[in-house]
Amino acid sequence: MTVNPPLPWALAAEDLRVVRHKNEILKSISFSVKRGELVGLLGPSGSGKSTLMRSILGVQAITGGTIRVLGQRAGAPFLRNRIGYMAQSSAVYLDLTIEENLLYFAGVLELPSSEVIRVVDQVELAALANRIVSSLSGGEQIRVSLAIALLGSPPVLVLDEPTVGLDPLLRRDLWRTFEDLADRGTTVVVSSHVLDEAARCGRLLLLRNGELLFDTTPRELLSATGAATYDEAFIRLIEGA
Amino acid sequence: MSMRRTFLTTRRIVQQLRHDPRTVVLLMLVPSALVGLLAWSLQRSPGSFNAVGPKLLGVFPLIVMFLVTSVTTLRERSVGTLERLLTLPLTKAEFVNGYALAFGLVAVVQSALVSTLSYTWFGLTHHGVPWRISVVALCAGLLGTAFGLALSALAHSEFQAVQFMPAFILPQLLLCGLVVPVNELPTALRYVADVLPMTAAVHAIAPLQSSAYYFGQIAIMVAYIIAALAVGAGTLRRTTK
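Top line first, the protein sequences correspond to chains H and X.
Going by our numbering, the residue at position 173 of the first sequence is 173; the numbering climbs one at a time, nothing skipped.
Going by our numbering, the residue at position 29 of the second sequence is 1029; the numbering climbs one at a time, nothing skipped.
If you're looking for bench data, these hints aren't it; they were derived computationally from the structure.
In this text the structure is predicted, and so the values were computed from the model without any measurement.
Treat each hint with caution, since some may be false.
[As the list claims (entries may be wrong)] Below, computed lysine-lysine pairings styled on BS3-like, alpha-carbon distance capped at 27 Å:
#: 1; chain 1: X; residue 1: Lys1241; chain 2: H; residue 2: Lys27
#: 2; chain 1: H; residue 1: Lys22; chain 2: X; residue 2: Lys1055
#: 3; chain 1: X; residue 1: Lys1092; chain 2: X; residue 2: Lys1241
[Claimed, not checked] Computed footprint of chain H on chain X, listed as stretches where at least three residues anywhere in the stretch have a Cβ under 8 Å from a Cβ of chain H:
#: 4; segment: 1008 to 1017
#: 5; segment: 1088 to 1096
#: 6; segment: 1229 to 1240
Built from N, CA and C at the ideal position, the CB exists for glycine as well.
Let the sequences and hints guide you as you build the complete structure.
Printed below as a string of structure tokens:
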């Protein structure tokens, strides 16, 4: 491993623009995220959340502006074992067992097999490790995908709607895991369209139509909108302004 | 390029096949069954089977492996595993070569089975050297895999990928000398036929030929394999629009 110099920002976007098929998906987005921050990325579907996350990964072609991760241009080879990514599609081999999936990805990352045991435990799938992924429930498949993202404890985690379709208990546990990871210095970006659960984040970025509408804390969001609940605040923000 | 990550990818693909015994049985038995059917239908003119049978040993692996590879790699794209792999420290060459090795192994077993059955059960008497025919069958399987990898980038659905078979394979089948001897084709078509990879496979299998000619045809096939693998790696994109 190369030595990581202490950097001020884990993520920094400046005037980030993405145009796809003549549609402006992201319109001049600027924000920066400190190391160890837990950031909720919110917005209705089609607001550009996934595109922003793919830009952080460097898999999205950027039209203008810059986005840097750990001081490097997004997509730089240096970052390939330093960002854990979970896309909205499960991105798991459905015809392999959980263990075979994880061993393959761990091998690509040059990690020991003990790392596979650790992440399987972390997402509470140890009992199912020898099951073929296609025979698992939707929620279990999402956790396999999350386990792959957690391999090697990368300093940055980018999770695209990781709690969709999970039961409340599991959602609570996963959010605790994210908080733990952030407490121990991992920068975690989680997208969601459920403001209620995203309120656990120290910081919220709210996207609408490719614009960064709000960059704030959950509490400020409530007082700014005058709403009583997070869901109400979300609706007011999306419908108003 | 790391051989370790290439082999890991090969092992992962073989594991996927192992969990899909029906596909394995189809891969192994269909070419043999077709050659057997041909032998049976030409029972009254064994001379014809001796002329056509060996050529099919060079044609079937190409078709079968082309289909299998294009559908499998397309699935990697649609499920998102390819995008995930390309955010990790896996090079395009490692990915493509991992596939070539895995399906090359399948082609070895497949061609060994079909040639063994042809020489024993189906009563093929051929004035060629058996191992030379096996080498052609292996190269044909690799050609199919390499072209499947290269062309799957152009297909946006599995439906389209399957349509490439008649568009890409059938013209070669018509011109390779199986239907009309190449030297009886109109001049323009003969020039085309002479440079097609399937023609090289059929030429290499023709009996009573010099070693120089045989290895020349093998060289043509190998050149096509390398070129198609390079195109396949080239069409993988770390960033997409």
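Do the hints match the structure? See the list:
{"no.": "1", "hint": "Lys1241/X - Lys27/H", "result": "16 Å, holds"}
{"no.": "2", "hint": "Lys22/H - Lys1055/X", "result": "51 Å, violated"}
{"no.": "3", "hint": "Lys1092/X - Lys1241/X", "result": "18 Å, holds"}
{"no.": "4", "hint": "1008 to 1017", "result": "holds (count 6)"}
{"no.": "5", "hint": "1088 to 1096", "result": "holds (count 3)"}
{"no.": "6", "hint": "1229 to 1240", "result": "holds (count 3)"}
When the structure is compared with the earlier hints, a violation turns up for hint 2 alone.
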